[in-house]
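A.B. asks: Chains as they are written, first to last, in the working numbering: chain A, 85 to 242; chain B, 962 to 1100.
Just so you know, these hints were derived from the structure itself, not from any lab.
Treat the hints with care, since some could be wrong.
To be verified - Within a straight-line C-alpha distance of at most 25 angstroms, the following computed BS3-like cross-link-like pairs (lysine-lysine) qualify:
1. Lys242(A) - Lys1058(B)
2. Lys1062(B) - Lys242(A)
3. Lys96(A) - Lys242(A)
4. Lys242(A) - Lys992(B)
To be verified - Over the 10 angstroms line for every Cβ pair with chain A, so calculated as not near, a few chain B residues:
5. Ile976
6. Val981
7. Ala998
8. Pro1019
9. Glu1028
10. Gln1056
11. Asp1070
12. Thr1072
13. Asp1088
This one's a predicted model, so the numbers in the text were calculated from it and none came from an experiment.
By construction, the Cβ of each residue, glycine as well, lies at the ideal position given by its N, Cα and C atoms.
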Amino acid sequence: MTDSSKQDRLRKALDVSGSAWLLEYWGDDAESRLAQAVVDLDDFACEYERRFSERPDPFELLESDPIRGKAFFQIDTFVISLEMKIMIWRIMLGCEILRVEFRYDMEDATDLLITLRTPYGAEEQYRGKRSRDFRVLRHFGATEDNERLILQGYYALK
Amino acid sequence: MIGGVDVVLWVRDDIPATDVIFRCVRHHWPKLVFQDAEEDSMPYSAQSSQWLPRPAGPEFFIYRDEEAARSWDAQGATPDNANTMLYVILGKRRQAKTGLKSLTLVCGDLTGDMRRIVDEIAASFRDSVEGLRYPAEAA
Chain A
85 MTDSSKQDRL
95 RKALDVSGSA
105 WLLEYWGDDA
115 ESRLAQAVVD
125 LDDFACEYER
135 RFSERPDPFE
145 LLESDPIRGK
155 AFFQIDTFVI
165 SLEMKIMIWR
175 IMLGCEILRV
185 EFRYDMEDAT
195 DLLITLRTPY
205 GAEEQYRGKR
215 SRDFRVLRHF
225 GATEDNERLI
235 LQGYYALK
Chain B
962 MIGGVDVVLW
972 VRDDIPATDV
982 IFRCVRHHWP
992 KLVFQDAEED
1002 SMPYSAQSSQ
1012 WLPRPAGPEF
1022 FIYRDEEAAR
1032 SWDAQGATPD
1042 NANTMLYVIL
1052 GKRRQAKTGL
1062 KSLTLVCGDL
1072 TGDMRRIVDE
1082 IAASFRDSVE
1092 GLRYPAEAA
């Protein structure tokens, strides 16, 4: 697939997922932002495949299950680190959010460490790399069990 | 069909309801077994894939485990398998002003694990309804 067709596919995915407003928001930078997003998504797929021996396909997910796939094509995905993209995909696959450690200090670096648990019981850790990685927290579903907060799932914002 | 209690929730239709439900139920029933309402044969094995189950239709059953699924299949509702199955109906009714869609959970009674499961599902959908939204999308 050529770079041009990859950009077209992403443009269509943004449209289908209700994020087409991004293109207008990006304005004159839209083409370069699209091109960078394509590169980032390729990097994500390659790194994910290297780690887990299977290639993720967010476009296929969007096609087969638009409501679920939409969560991946929101603006936050395009500004967070590769590590967080992998974390998102693992949650969307079915991992549980076991632990979130978020340390913020106005005068120091922010630290975000998320531990997931696979359906098979293995734990995986993902550390934020960019200041904007905290945005993933906005998409976690939240519920309660006996007054205890349970974070689960990764969903599109309204 | 199973008597008991109907709980009607109002949910956003841009949130994957089945994803939310299975995550909540799995929290309490890690060996859950699910069955589409239209399915004839019973799926006796717990989910083996990392993917959460993806029901084909708007109605499906979730059993606590394989034993519960077998019991329901063979005998229907009995005192022994009480509260080991949740019947989910993704409804078509819609609230006029909010646009939220109905979702009905049918269970034996709201006690024990079932109470916690239903409460957890309700809290999860409540959070998504009350969640924030981007200004650009709010207009």
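A.B. asks: Look at each hint and say if it fits the structure.
C.D. replies: Structure-based check of each hint:
With a C-alpha separation of about 16 angstroms, the suggested pair lysine 242(A) and lysine 1058(B) falls inside the 25 angstroms cut-off, and the hint holds. For the suggested pair lysine 1062(B) and lysine 242(A), the alpha carbons sit about 15 angstroms apart, so the restraint of at most 25 angstroms is met. About 19 angstroms separates the Cα atoms of lysine 96(A) and lysine 242(A), which keeps this hinted pair within 25 angstroms; it holds. Distance restraint check for lysine 242(A) and lysine 992(B): the Cα-Cα separation of roughly 32 angstroms exceeds the 25 angstroms cut-off, and the hinted pair is therefore not satisfied.
Once the 10 angstroms rule is applied to beta carbons, isoleucine 976(B) is inconsistent with being away from chain A; the minimum gap is 6 angstroms. Listed as outside the interface, valine 981(B) is inconsistent with that label: its C-beta sits roughly 6 angstroms from the nearest C-beta of chain A, within the 10 angstroms cut-off. Interface exclusion of alanine 998(B) from chain A stands, the closest Cβ pair being 19 angstroms apart, more than 10 angstroms. Distance to chain A confirms proline 1019(B) as a non-interface residue, since its nearest Cβ pair spans about 13 angstroms, more than 10 angstroms.
At roughly 20 angstroms from the closest C-beta of chain A, the C-beta of glutamate 1028(B) stays outside 10 angstroms, upholding its exclusion from the interface. Residue placement check: glutamine 1056(B) keeps its beta carbon more than 10 angstroms from all beta carbons of chain A (closest about 15 angstroms). With 10 angstroms as the threshold on Cβ separation, the claim that aspartate 1070(B) sits away from chain A holds: the shortest Cβ distance comes to roughly 18 angstroms. Distance check on threonine 1072(B): its Cβ is at least 14 angstroms (rounded) from any Cβ of chain A, clearing the 10 angstroms threshold; non-interface status holds.
Non-interface call for aspartate 1088(B) relative to chain A: violated, since the shortest CB-CB distance, roughly 4 angstroms, does not exceed 10 angstroms.
Checked against the numbered hints listed earlier, the structure breaks hints 4, 5, 6 and 13; every other hint is satisfied.
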